[in-house]
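S.K.: Take a look at the letters that make up each chain.
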Amino acid sequence: EPEVTQTPSHQVTQMGQEVILRCVPISNHLYFYWYRQILGQKVEFLVSFYNNEISEKSEIFDDQFSVERPDGSNFTLKIRSTKLEDSAMYFCASTDGGGYGYTFGSGTRLTVV
Amino acid sequence: RKEVEQDPGPFNVPEGATVAFNCTYSNSASQSFFWYRQDCRKEPKLLMSVYSSGNEDGRFTAQLNRASQYISLLIRDSKLSDSATYLCVVSSSGTYKYIFGTGTRLKVLA
Numbered sequence: 001e002p003e004v005t006q007t008p009s010h011q012v013t014q015m016g017q018e019v020i021l022r023c024v025p026i027s028n029h030l031y032f033y034w035y036r037q038i039l040g041q042k043v044e045f046l047v048s049f050y051n052n053e054i055s056e057k058s059e060i061f062d063d064q065f066s067v068e069r070p071d072g073s074n075f076t077l078k079i080r081s082t083k084l085e086d087s088a089m090y091f092c093a094s095t096d097g098g099g100y101g102y103t104f105g106s107g108t109r110l111t112v113v
Numbered sequence: 001r002k003e004v005e006q007d008p009g010p011f012n013v014p015e016g017a018t019v020a021f022n023c024t025y026s027n028s029a030s031q032s033f034f035w036y037r038q039d040c041r042k043e044p045k046l047l048m049s050v051y052s053s054g055n056e057d058g059r060f061t062a063q064l065n066r067a068s069q070y071i072s073l074l075i076r077d078s079k080l081s082d083s084a085t086y087l088c089v090v091s092s093s094g095t096y097k098y099i100f101g102t103g104t105r106l107k108v109l110a
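Here the protein sequences line up with chains A and B, keeping their order. Going left to right, the first sequence walks through residues 1 to 113 as my numbering numbers them. Going left to right, the second sequence walks through residues 1 to 110 as my numbering numbers them.
Same shape as in the complex, but just chain B (with noise of 0.2 Å):
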């Protein structure tokens, strides 16, 4: 089983509409979870990192199932500009190493 595993799509969604990403990972001790955005050759940025309590931020939210050792994120009312690939990351305690999925293409259609 992959460290980190994402479908890599590409979800193609028109503008305005809510897309789901899921992530599950293997590990059970890790510790810290996130969502990158990488857009086409550019680096990795930070979207937020993720919680069981779950958290949002403007049209985003992810929530974490550390039972089921599942990520997922939500976004509405997307946009042109959410077009990229998102990053499921994984990361245990210790030296912080990060184990990135390998993303999932976004591509919103006008």
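Bound conformation, chain A alone (with noise of 0.2 Å):
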């Protein structure tokens, strides 16, 4: 079965260095997605993406946060100077648009000290 993969899966950084978060959707996908969720809470939309563009962002993401799909396979979430709140596991999903559901990574535990 086709698989999101994501890398790392789990990255210690000290507050304020810059993370990148890594995601290989599945190939035949169209939309890109970066969630998180914070320990015990619900999983939260950060940012979608599609033909190679953001196509909607919640407030989460600000400008510290930026996507990228540097070769058409990866994306990335990359988060200029991490803050302690950022901590969270955070997900990448793929869908191809079919409305079937989203296929989620399993996800980069982001631990900022």
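The set of hints was computed from the structure by calculation and includes no laboratory data. Hints may contain errors.
[To be verified] Okay, the calculated bits of chain B under chain A, using three or more residues with CB under 8 Å as the criterion:
(1) 57-66
(2) 96-105
[To be verified] Once the Cα atoms are required to be at most 30 Å apart in a straight line, the calculated DSSO-like pairs of lysine-lysine come out as:
(3) B:K42 x B:K97
(4) B:K97 x A:K42
(5) A:K42 x B:K107
(6) A:K78 x B:K42
(7) A:K57 x B:K107
(8) A:K78 x B:K45
(9) B:K97 x A:K78
(10) A:K42 x B:K42
(11) B:K97 x A:K83
(12) A:K83 x B:K2
(13) A:K83 x B:K45
(14) B:K45 x B:K2
(15) A:K42 x B:K79
(16) B:K2 x A:K42
(17) A:K83 x A:K57
We put the beta carbon where it would ideally sit given N, CA and C, even for glycine.
Starting from the two chains in their separate frames, assemble the complex, guided by the hints.
M.R.: As structure tokens, this is what we get:
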């Protein structure tokens, strides 16, 4: 079964440092997403990406965040200057837009210290 | 009113029991509805899509009531392996952005 692959599985970073979370969506999918889940809380939408541009972003996705699809297979989330409150599980997801639901990656646990 | 509202539980039920979860959503323009399952510290996994006509997949039955903006999930003959958090998810057309409920925790007891 096709998978969405995320790396690393766990990243620890110092406050103020930049981090890049990586995702390889399913190859024939067209819509890509980042979500986050703070421990004990619900899954929250960050950003959607289609046709090489952001199609929608949430209030959480401020100027510190950016996304990129640099090479047609990877989809990255960059946090420029991490804060303690950025500590969360970050999930990448993709879909072909057929209404059958997303496939999520297994997530990157980001810990900001 | 929360966009997607669920009873957080936990629902503690014995093996073999039937359990039902409900979910309400606030945006009447929502178009797609799903139940996802999430195990502790893992990614959400699609359990089933939800249609107005209702749909069934083995022991799982999902129902959508658009007029009441209400979604349900019924699990029959609960197994220990059904223990997880069940996430109600609502999506609008366009970007297919998902709005998640907080999830309902289920514990199936031996």
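S.K.: Can you list which hints this structure breaks, lowest number first?
M.R.: 1, 7
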